[in-house]
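Q: Sequence:
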Amino acid sequence: MSLIGPATDEPVVWRIDTNSFDLTDHVEWESHAHDDRHELLWGARGTVSAETTDGYFAVPGSLGLWIPAGTEHRVAAAPGTAFRCTFIDADLPSIAAATTAVAIPEVVRVVLERLEAAPYLALSPRRHAEELTLSLLEPVEVSTIDLPLPLDTRARQVAQALLSEPADDRSIDDWGRHVGASARNLSRLFVAETGLSFSTWRTRARMRRAIDWLAADHTVASVSRRCGYSTPSAFVQAFRRELGRTPGEFASVRSVATRKSA
82 MSLIGPATDE PVVWRIDTNS FDLTDHVEWE SHAHDDRHEL LWGARGTVSA
132 ETTDGYFAVP GSLGLWIPAG TEHRVAAAPG TAFRCTFIDA DLPSIAAATT
182 AVAIPEVVRV VLERLEAAPY LALSPRRHAE ELTLSLLEPV EVSTIDLPLP
232 LDTRARQVAQ ALLSEPADDR SIDDWGRHVG ASARNLSRLF VAETGLSFST
282 WRTRARMRRA IDWLAADHTV ASVSRRCGYS TPSAFVQAFR RELGRTPGEF
332 ASVRSVATRK SA
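Quick note on numbering: the sequence shown equals residues 82 to 343 in the numbering used here.
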């Protein structure tokens with residue numbers, strides 16, 4: 082962390098440092114890890130998602146996402162998205178061993194903002210503020226889904242197209258003709274490189290996008306249409322089968338977590 086000299090001559094080590102992002106275009110940060118820093122994504126406006134070895138997570142504005150030091154992660158943000166990224170020195174204890182959603186009480190938001198504001202805090206009050214911040218972060222349960230991407234360029238082209246347009250219902254034969262592969266070969270590629278059949282992979286891709294849209298407070302009816310389901314009931318059944326709860330229960334769990342952030 083950087084060294085900052087406040088009004089006194091006492092050097093202050095910043096063990097917690099926050100960057101703010103306000104994006105006009107879609108941005109993706111390729112998979113990487115910070116061995117010396119934990120990472121906290123929070124304060125989202127719009128759609129921020131993170132994919133780690135622990136799964137895929139949508140980051141709603143009411144919560145944050147804790148990524149422990151050393152965890153490989155890939156972050157994507159839609160156009161018009163704003164969020165904050167707080168780095169925490171790995172010498173400070175991780176609040177969770179794996180990537181997890183956390184409640185962000187208003188006092189934590191205020192303290193994190195104060196840590197970045199001039200006049201900067203001297204060593205003793207800054208350390209107290211940093212420790213207070215970590216003590217008030219509380220892990221909460223959220224829905225996530227594991228969706229490995231295929232490596233073969235043809236299969237990956239199909240996968241990325243389905244993530245962009247989950248309502249696309251072309252068959253594997255149609256996709257094979259589109260990317261220049263036989264349906265049989267394409268099917269084998271999905272199983273070999275993701276561990277999932279093409280049909281299962283597409284369903285999980287739809288659920289992954291559904292989590293994004295539900296986290297952004299879109300209605301179940303709207304999400305079901307955008308994910309390619311003819312009726313909301315068909316979407317609800319698929320969601321429950323893949324995630325173990327209905328979209329309504331997903332919203333309820335997130336609502337409880339949100340109240341913890343209040």
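No lab work stands behind these hints: they were computed from the structure. Any given hint could be a false lead.
[Said to hold, decoys possible] Restraint ranges, calculated between C-beta atoms of paired labels, are given here:
| id | residue 1 | residue 2 | range |
| --- | --- | --- | --- |
| 1 | A203 | R321 | 25 to 33 Å |
| 2 | S278 | E222 | 24 to 32 Å |
| 3 | D170 | S303 | 36 to 44 Å |
| 4 | A177 | E246 | 31 to 39 Å |
| 5 | D250 | V272 | 17 to 25 Å |
| 6 | R326 | S263 | 33 to 41 Å |
| 7 | A273 | L217 | 17 to 25 Å |
| 8 | G276 | D254 | 16 to 24 Å |
| 9 | P200 | S278 | 57 to 65 Å |
| 10 | S314 | P200 | 53 to 61 Å |
| 11 | R195 | R251 | 49 to 57 Å |
| 12 | D117 | E212 | 13 to 21 Å |
| 13 | A210 | E246 | 43 to 51 Å |
| 14 | P160 | S280 | 43 to 51 Å |
A virtual CB, placed ideally from N, CA and C, is assigned to each residue, including glycine.
Q: Hint by hint, note whether the structure agrees.
A: So, going through the hints one by one against the coordinates:
For A203 paired with R321, a C-beta distance near 53 Å fails the hint of 25 to 33 Å. Separated by about 28 Å at the C-beta atoms, S278 and E222 satisfy the suggested range of 24 to 32 Å. Taking the beta carbon of each, D170 and S303 are about 42 Å apart, inside 36 to 44 Å as hinted. Restraint check, A177 to E246: a C-beta distance of roughly 34 Å satisfies the suggested window 31 to 39 Å.
For the pair D250 and V272, the supplied restraint of 17 to 25 Å holds, since their beta-carbon distance comes to about 20 Å. R326 and S263 have their C-beta atoms about 38 Å apart, which keeps the hinted 33 to 41 Å range intact. Under the hint 17 to 25 Å, the C-beta atoms of A273 and L217, about 46 Å apart, miss the expected range. Between G276 and D254 the beta carbon distance is about 22 Å. The supplied range of 16 to 24 Å therefore holds.
A hinted range of 57 to 65 Å for the beta carbons of P200 and S278 is consistent with their spacing of about 59 Å. Against the hinted window of 53 to 61 Å, the Cβ-Cβ separation of S314 and P200 comes to about 58 Å, which satisfies the hint. Judged by the Cβ atoms, the range 49 to 57 Å given for R195 and R251 holds: they are separated by roughly 52 Å. Distance hint for D117 and E212: a CB-CB separation of about 19 Å, consistent with the stated range 13 to 21 Å.
Checked against the hint of 43 to 51 Å, the pair A210 and E246 passes, with Cβ atoms roughly 45 Å apart. Hint check: P160 to S280, Cβ distance near 31 Å, so the stated range 43 to 51 Å is violated.
Hints 1, 7, 14 from the earlier list are contradicted by this structure; the remaining hints agree with it.
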